[in-house]
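Participant: Chains A and B, in that order, are what the protein sequence lines are.
The opening residue of the first sequence carries number 1 in this note's numbering; numbering runs sequentially from there.
The opening residue of the second sequence carries number 1001 in this note's numbering; numbering runs sequentially from there.
I should point out that these hints are in silico values taken from the structure, not numbers from a laboratory.
There is no bait here: all hints are sound.
With the C-beta cut set under 8 Å, the calculated list includes, among others, these residues of chain B facing chain A: (1) Gly-1042; (2) Asp-1066; (3) Ile-1067; (4) Glu-1068; (5) Ser-1069; (6) Ile-1071; (7) Cys-1092; (8) Gly-1120; (9) Leu-1122; (10) Lys-1147; (11) Tyr-1171.
Positions of the beta carbon are idealized from the N, C-alpha and C atoms, including for glycine.
Take a look at the letters that make up each chain.
There are 2 protein chains.
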Amino acid sequence: MHVVKKDVMVDIHAENDHVAEHVNGYLSEKGIFAVNLMGAPGAGKTTTLERLISRLPCKSYVIEGDIESDIDAARLRQQGIPAYQINTFGACHLDAPLLHNAVHNMALDGGGILFIENVGNLVCPAEFSIGEDIKMLLVSVTDGSDKPYKYPLAFEKADVILLNKIDLTPYLDFDEGFFMEGVRHLNPDVPVFQVCGMTGEGYDEAADWLRRRAGK
Amino acid sequence: MHVVKKDVMVDIHAENDHVAEHVNGYLSEKGIFAVNLMGAPGAGKTTTLERLISRLPCKSYVIEGDIESDIDAARLRQQGIPAYQINTFGACHLDAPLLHNAVHNMALDGGGILFIENVGNLVCPAEFSIGEDIKMLLVSVTDGSDKPYKYPLAFEKADVILLNKIDLTPYLDFDEGFFMEGVRHLNPDVPVFQVCGMTGEGYDEAADWLRRRAGK
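With these hints in hand, go ahead and build the complete structure from the sequences.
Facilitator: The structure is reproduced here in structure tokens:
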């Protein structure tokens, strides 16, 4: 978060949480389970969505959050996945009012899972509820094993963690023990799935966990 | 940036720029050239500092910006590099008042180069001057070739770009042409150095460019 006067920040969070509850209520009424997908730039968020969606038995929708561009939304639409683009034009995270506008402008039939790909950022997205049922955190072994220690809030708030790009582990000095120690200190029971966006390895297990969690 | 009332943001930026000018003046008087090192989490910022500093003929100082932890500062100090830790405890970027406190509390003899490792974030650090002479942007091939299109401000404002982890290129689908097209559209003349933190490849050239740019 930016350093602004404390009362301003309190107002922002209170207003955001109020709208987030409304968004979650609207989606729940439609029987839609919402996933807030968070991760640093380049963690492999869009590839992860492709891998998960192709393995799910239910309908899926995607909201793409980017500062600029609609590269990811266009990529998903080419595969027949309904994708709605939000551009934040500078803002480093999605917030509930942006989601409110999006869900009311999308064609949401009801049922299924709505994936919301947050702006690539390991800091601020973890601070703002956007009406989701769960937060899914995607981290990559190429980013190093110290990430839980440096960006604790995202790890603390995650309902599930996917550790991506494990095919590159042989070429890195990634210390899995140190990484998992950091994760467990912040979030003792969070499920962690090792995946590889490039080959699809590990996504069967992650998609099955998600399907059961979403009750689909 | 967070979405707050416009007059609040204007106040924040104006106050920040005023303090940044003061910090830059203070460092200039001491003959210290300041580098604002920006990059996403896991881009390899601390390794890049080690690689550059070992190749420079002048004195170097480091300020480490992290949300929490002093892992990186401790690592640098073990190598005899003077490192001062700033913890932002939530804030997703450094700002000039934080730097003001740091430079006035550090033992800065004068001369040399001060490296300021910003918080791992490809968004907000680019918005805030912190008294630097140049902004150095570090990006990793593992993050994908679409980064200039998705995070344009950091690329637009960079005075020099280091493209890291090029040893992993054979195992990735990184499209260098697409990446460079995005860079050149935003920043036609910025020097781009390909480097490998793990092996040290490419850092001779980058350090030499920096030495000349800093007049050391």
